[in-house]
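Peer 1: From first to last, the protein sequence lines stand for chains A and B. The opening position of the first sequence corresponds to residue 1 in this note's numbering, with each subsequent residue numbered one higher. The opening position of the second sequence corresponds to residue 1 in this note's numbering, with each subsequent residue numbered one higher.
Since the hints were made in silico from the structure, they are not lab data. Warning: the hint list may mix true and false statements.
Stated by the list, open to error - Which chain B residues face chain A? A few, computed with CB under 7 Å, are given here:
#1 G22
#2 Y23
#3 G24
#4 A36
#5 G42
#6 T43
#7 Y45
#8 A64
#9 R72
Note that beta-carbon positions come from the ideal geometry of N, C-alpha and C, so glycine has one too.
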Amino acid sequence: MTGHTGRPRPRGIGARVYGAALFLCPPAFRREFSTEMTRDVDDAAEDMRSGGGAAALLLWIGIAADLAATVVVQWLRTGWPVLAAFSLAGAIAATRVAANMLLHEPLPVPASAHDRDLMTLLLLTGTVLLVIVATIVFTFWFARPVARRRRR
Amino acid sequence: MPALTPAVLHILLALAGGELHGYGILKEVMRHTDGAVRLGPGTIYGTLQRLMESGWVEESDGPATAVDERRRHYRLTRSGRQALEAEVRRMEGLVRTARAQRIGARPSRG
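With the rest of the complex left out, here is chain A (with noise of 0.2 Å):
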C-alpha cells in the first residue's frame, strides 16, 4: 500500500481485514479492484481518523453493508447461483424420478443386507466422482480468467 507520498506505509488493521473480505467476492472482480478497494478503505480510514469515534464505526458499518451487497451483487453477475439453482433442481428432479422409479417398481430380489452394501458402496463411489468432477469443473472456470489475462 502506498500513501500519496509514493512511499510504501503500513496498512491499518481494518484495511487488512477488508482486504481478506474481499475473497469472499469472485475471483475475477477481486483479481481486477481488490488492491485499489483496499487501498481506498484504508485512506478513508486514516481521513476519518480525526472524526472520532462515531464518525469511524459509521464509516466501518457502511462499509461493511457494501461489502456484503458487492459479494451478493458480484456473484450474481457471474452467473454461477443461477447454474447453482439449476443444478439442485436438476438433481432433485432426477432423485424424485429415481425413488419414483423404485417405489413403483420394486427390485425383482428382496433386498438382502449383501445388497444394501453394494447400494451404499455405488451410492459412496457416485458420490465420490461427482465431487471429482465437479472440482474438475470449478478448476477450469476459476483458471479461465487468468488465462484469458496471461495470453493478453
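With chain A held as given, fit chain B onto it using these hints.
Peer 2: Relative to the frame of chain A, chain B by itself:
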C-alpha cells in the same frame, strides 16, 4: 434509454469534471452532495466495471499532476458524456413537470 441508477449518475457526474481514481470519485460525490451520499468501494468499482463494459468510462493514465501515479484513473468517454447529458435532460423535464404541478416550487417573495 432507461433512467440511470443513482450510483451510475453520481459516478458519471464526478468524472465529468475530469479524470479521477476510485477514492477521488468517492470524495467528489461527497462534495457534490454535501456529504449526503457516500458510495462504498464495492459500489464504486462494481459500477465502474459495468460502465467500462458498456464503454461509458475508460481507464486512463491519469492527469499529469497525479500525486500517486500508481493509482488507476478513470475518465468519461464520448458515449458516457452523451448518456449523462441525456439523463440530465430527462431530469430537467421531470423537474419542469413537477414545478408545473407546484411541487417543489420556490416560494414567491412578497
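Peer 1: Could you work out which earlier hints the structure fails to respect and list their numbers in ascending sequence?
Peer 2: Hints 3, 4, 8 are the ones this structure does not satisfy, whereas the remaining hints hold.
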